[in-house]
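Top to bottom, those sequences are chains V and A. Start counting the first sequence at 1; every next residue gets the next number (the working numbering). Start counting the second sequence at 553; every next residue gets the next number (the working numbering).
Calculated directly from the structure, the hints in this document are not laboratory data. Glycine included, every Cβ here is placed at the ideal spot set by N, Cα and C. Relax, there's no trap hidden among the hints.
Facing chain V, from chain A, some residues (calculated, C-beta under 7 angstroms):
| no. | residue |
| --- | --- |
| 1 | 576 |
| 2 | 579 |
| 3 | 580 |
| 4 | 583 |
| 5 | 590 |
| 6 | 598 |
| 7 | 687 |
| 8 | 688 |
| 9 | 712 |
| 10 | 713 |
| 11 | 716 |
| 12 | 719 |
Spelled out from the first residue to the last, the chains are:
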Amino acid sequence: METFVPPVPSRINYINAQYGLKSWLLTKDHKRIALLYLGSISFFFFIGGLYAMAIRLELLTPQADLLQSTTYNKVFTQHGIIMVFFFLIPSIPATLGNFLVPMMIGAKDLAFPRINLLSWYIYMLGGIVTIYALLAGGVDTGWTFYTPFSTTFSNSYVVATGLGIFINGFSSILTGLNFIVTIHTMRAPGMTWFRLPLFIWAHYATSLIMILGTPVIAITILLLAFERLAHIGIFDPAVGGDPVLFQHLFWFYSHPAVYIMVLPGMGIISELIANFSRKNIFGYSFVAFSSLAIAVFGFLVWGHHLFVASQSVYAGMIFSFLSFAVAIPSAIKVFNWTATLYKGSISYDTPMLYALGFIGLFTIGGMTGLFLAALAVDVHLSDTYFVVAHFHYIMVGGTLLAYLGGLHFWWPKITGRMYPEGWGRFSALVVFIGFNLTFLPQFVLGYMGMPRRYHVYPAEFQVLHVLSTAGASILGVGLLIPLIYLMWSMRYGKVASGNPWHLPGLEWRTQSPPPTENFDYTPVVTWEAYEFAPPEEMEVVGKFRDEVAEKV
Amino acid sequence: MAETYVEHEVSHPALQHHFENLEQQREAGTLGMWVFLVTEIMFFGGMFLAYTLYRSKYPEAFAIASNHLDIKLGAINTAVLIFSSFTMAMAVYSTQVGKRRAQIISLVLTIVLGLAFLGIKAVEYYQKYEDHLIPGSLIPGNPFNPDPHAMHLTPGVSMQHVQMFYWIYFAMTGMHALHMIIGVGLLSVLLYFSLKRRYTPEYHNPVEVIGLYWHFVDIVWIFLFPLLYLLGRHLGGHAG
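With the rest of the complex left out, here is chain V (with noise of 0.2 angstroms):
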């Protein structure tokens, strides 16, 4: 019997309890915050493409048609930079962590709502400033502005540009500050810290390298602005300064940030493999420690950017040993995974077809990786296409997927509404084999000699180039459909209830979508972190429960 469903949800909740563009932009609830960023990155990351879709194009023939080398090393750095610095450092942390974190802790709001509020701005203006620079001429360092190209070579914006990601920089220093301080102090009575579902372990694992790196990164473009500025010497070797400094500096930021990128990414994918086999995880301790080891390892695999920068062979020799290492939290995570799956009642919804296809792809990307730690190896493939597949295999196929299967599997509890489930399927199925057609040909290409950051390259290459054209084309279709069914599910979606998927997270014991301050009361947990129950055993908390309640 189905019983009336209002076309709006009908109770007061985060959306409908303030109306006007100032309560948006004056908001310090963390859910319209995480809608603020959700905007913004989809915007960034709607440039990004458009930058990847130039690249693309042009790889088509063998010869400069449509940009010219100038334009070709801008478009390619622009890519780099509005995608990794805009788009993937933020995309899951900002959007989905800022919604869930309290969310999952049973806590009414991060610990400073109005330092979260800031951090959007600043992140706002960092790409205004960047955007700055991107108009005004743009920039050719290459997203990893070496030195000493960048300093004294390069004739583009340069300093704009750094300045821009200098900004942004403290954006993720300030969320990651607010994610540890609210784990630590925030959690409801009995949520002990091994009943956190593990989106939290993983959040609180790339928090700390967000606190621990991006200052390092904002010291290095700050001085490789006055290097460039006023010829001070730091990067300089004609005056005695060590170019190779900028690329230690740079690194023992950018390669930790790897992991800021994958590790919310993991927590997501630890969430949905466990609620659609419905299934407490396997090895729950392991998956939450190997976050922490993950981002401990993370800080000590630098160097192996630097296997082919004058490095001493010793220290290479240190650096592929401990690349290899951190593999090893990586994998125990991919078993875990795989043995939750083991005897579970698997449902193949949108969601759970993202996470299987994320475990397949980070897989890829994880094992490609180890090519490139092997010392001997990196000497044929370092800064070839291998590379770029590699890493495509681990931020596309990896943190990409995630974010848009975390961004289904919640969209539900953010919007109050469902998306519709046979284009979801529909379009992940779509991203896989497009994603998968552009990338596994540039493995071959890179094995081939392919070097990466050119734009014209012998005949014999174009066939594996033309698949990847190919390949992105249908990974831009497959990424625009959700973007469509998304906004129209909206307003035409079917309305959710609280909790639609029946899954045991504090965030589904609460309205859809959830009052401003969460639960109507502090919830108290006495359960386990994916403990399951038939539906109706499982406690809605607040005053929520008793309409819940009346109904049954």
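Using the hints, position chain A against chain V.
Just chain A, lined up with the frame of chain V:
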């Protein structure tokens, strides 16, 4: 299931809506500042790394350049800062026990000492400006161009490596001075609210937290002073 809810306490005016009680708010504030200070260590860490690298690469040039710093002013400033940490600690203590007069006097003293430090630092910077020791082309029209005799430059030591010392000196002490300026600003806010009787023995977390920040800035100087002024003083050259 009434026992699964925690009722709100009657709240203190300073209690923010998303905290259960003042104790939780205090814990969050203090931990937040500690985490922030960790990020500060990493921020300064980049410069300490550059210092270590270049000092070990050019020990003689660094010793010569270091000898040209004004050790008297540096030492006085060290004393000023340590004393200001004491007055800051007194400000925290007197707030905790509710001695309002002592609290305000301590805050005023801390601000005055902070300003004194910045004033002395400005005098030092001006001396370096007059000796053309500002690295690179940072000051238009006054490039790095010190008199080699005044610097007691020994043969075989490059003036460019002396410049290396000076950019590190200015980067580190400049960043430190910036933190001092921010600190004085924060203390002034504290003083303003203290005069308005906001901080009491029940609620004094802002005083504690800014105290932590002030001590941190102090400790950074405790590292900077020996590294920049004292290390290798016995090697070559005469005190400037």
